[in-house]
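Dock chain B against the given chain A, drawing on the hints supplied.
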Amino acid sequence: MLGSSKIERFLIEIGDLAFFTKRFFKEVLSRPFEFKELLRQCYNVGNRSMLLVGVTAFIIGLVITLQTRPTLQEFGAESWMPSMVSISIIREIGPVIIALTFAGRIASGIGAELGSMRVTEQIDAMEVSGTNPFKYLVVTRIFATTLMLPILVIIGDAIALYGSYIIENIKGDISFRLYFNKALNALAFSDIVPATLKTFFFGFAIGLVGCFKGYNCEKGTVGVGIAANSAVVFASMLLFILDFIAVFITDIFFEI
Amino acid sequence: MKTQKQHISKSHDVKASLPILKIENLKKTFGQNEVLKGFNLELYEGENLVIMGKSGSGKSVMIKCLIGLMEADSGYIEIMGHDLMALNRAELDELRTEVGFLFQGSALYDSMTVRENLEFPLRRHKHKFGIVDETTPLVEEALENVGLLDAINLMPAELSGGMKRRIALARTLILKPKIILYDEPTSGLDPITSKEIIELMRNIQKQYKTSSLIITHDVDCARVVAERMILLVDGINYAEGTFNDLAASKDKKIKAFFKQ
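Protein chains in written order, with the UniProt record's numbering: chain A, 1 to 256; chain B, 1 to 260.
Honestly, the hints are just simulated from the structure, not real lab data.
Do not rely on the hints blindly, as some may be mistaken.
[To be verified] Below, computed lysine-lysine pairings styled on DSS-like, alpha-carbon distance capped at 30 Å:
#, chain 1, residue 1, chain 2, residue 2
1, B, 209, B, 253
2, B, 54, B, 252
3, B, 252, B, 209
4, B, 178, B, 195
5, B, 54, B, 250
6, B, 54, B, 253
7, B, 176, A, 36
8, B, 195, B, 255
9, B, 64, A, 135
10, B, 64, A, 219
11, B, 178, A, 219
12, B, 255, B, 22
13, B, 22, B, 37
14, A, 36, A, 135
15, B, 178, A, 135
16, A, 26, A, 36
17, B, 259, B, 27
18, B, 178, B, 54
19, B, 37, B, 255
20, A, 219, B, 37
21, B, 259, B, 64
22, B, 178, B, 255
23, B, 176, A, 135
24, B, 176, B, 209
25, B, 22, B, 176
26, B, 64, A, 22
27, A, 26, B, 64
28, A, 219, B, 176
29, B, 64, B, 54
This is chain A alone, in the form it adopts within the complex (with noise of 0.2 Å):
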């Protein structure tokens, strides 16, 4: 019985999320448009992740080049790693430990703070002072991490790319000029443009799932807690199902 609830509310929730995400479809489209409240929510979500993001990137770069270094080595192949790892960074890890490291510091972030607005019912305000909350506090905040999320991807590849250009110099002493050439020369058209379309789809979940756990937080300042961590919960997951499904489309149009 206990088991069969918990699938009823799962089910109810994702009942729930298909409204909220239908509401945003609806509002996004309709006057008045909040561009002043876009813009401050794209500054807000951009740069309190950038940091974030650069350092989790540089680290990855470092360690792919680390590890994979020794392997490459044993079969005399060091000058193939430029290519490895560009590819595998910008196709792939990236992307995703970039989305994760986002939904981590932006989902919950959005989640605490609506969530926290809900409660003491600042929604509620804006509501009677004849503002469409959902519009002014959602929409602004899923269209800036969709708009953001590619930005930073492809600023936190290119750190990523130059943290283990560090190594490769350090170890095999290989220039900055060489190692970028051969790093770029090995993506194709089909590895760049579906990981960067992807993006927008991560920060778009992202966006959805941290405001609608916020905008629909309840059972006080305890509720608010459970709303940030289960906006993270749950984006992690769903980039995860949309990655999958991701690379299951791009493998069908350019078979990778």
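Below, chain B alone, put in the same frame as chain A:
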């Protein structure tokens, strides 16, 4: 078994005019819990009407249905001649400029300064005052009315509970509403600050000639501001009258409200 409206006093002068706000047979249920079982109310122009009820008696649910924050299961709500349930989103937003709401916890926007908090309701409704851009005079006027002009650039976290309530009141006033709904205006405040807020409410009513619907369980607040009172018990208006009429009642349930 007491019948509904057992203690009604019909002597109040303001009833000569048409009600500015009317609720008929309002019902609201949460799961198995029937919170409102046919609540009725009429608020007249310039009147201070106090609703008293125990915690969980449905006061806050009623006031949220009244402003459209919650949907009632059935019943009729009329505000300034408009059937609330028949309004679309834009019409409801327009009507809300005529109805101010003071929240129990003040509900100031944490991420905005006091100035931005007060400017927020004006974003969509500047046309009401013929303003294109400059909102400072309206903000300053509203803050002056609550005696907190100096706090204009502070953040809500820097304000005391009483100051927050005053700023929230200023934000409510900025659209110059005809009706103000107060949800527990003195809850969580010390007696001195409560008296200040009550005094402020009276001054505002005199200055702006607003009609006020005040939800409270603070007897002192009710004594000072109520021109008429409704006691909400078990989801219905159990008794109605002036403060003195109700305070003198021998009914056990009514007496329970005035034992403090």
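Check each numbered hint against the structure and report the violated ones by number, ascending. Going through the list in order, the structure violates hints 1, 3, 11, 22 and 28 and respects the others.
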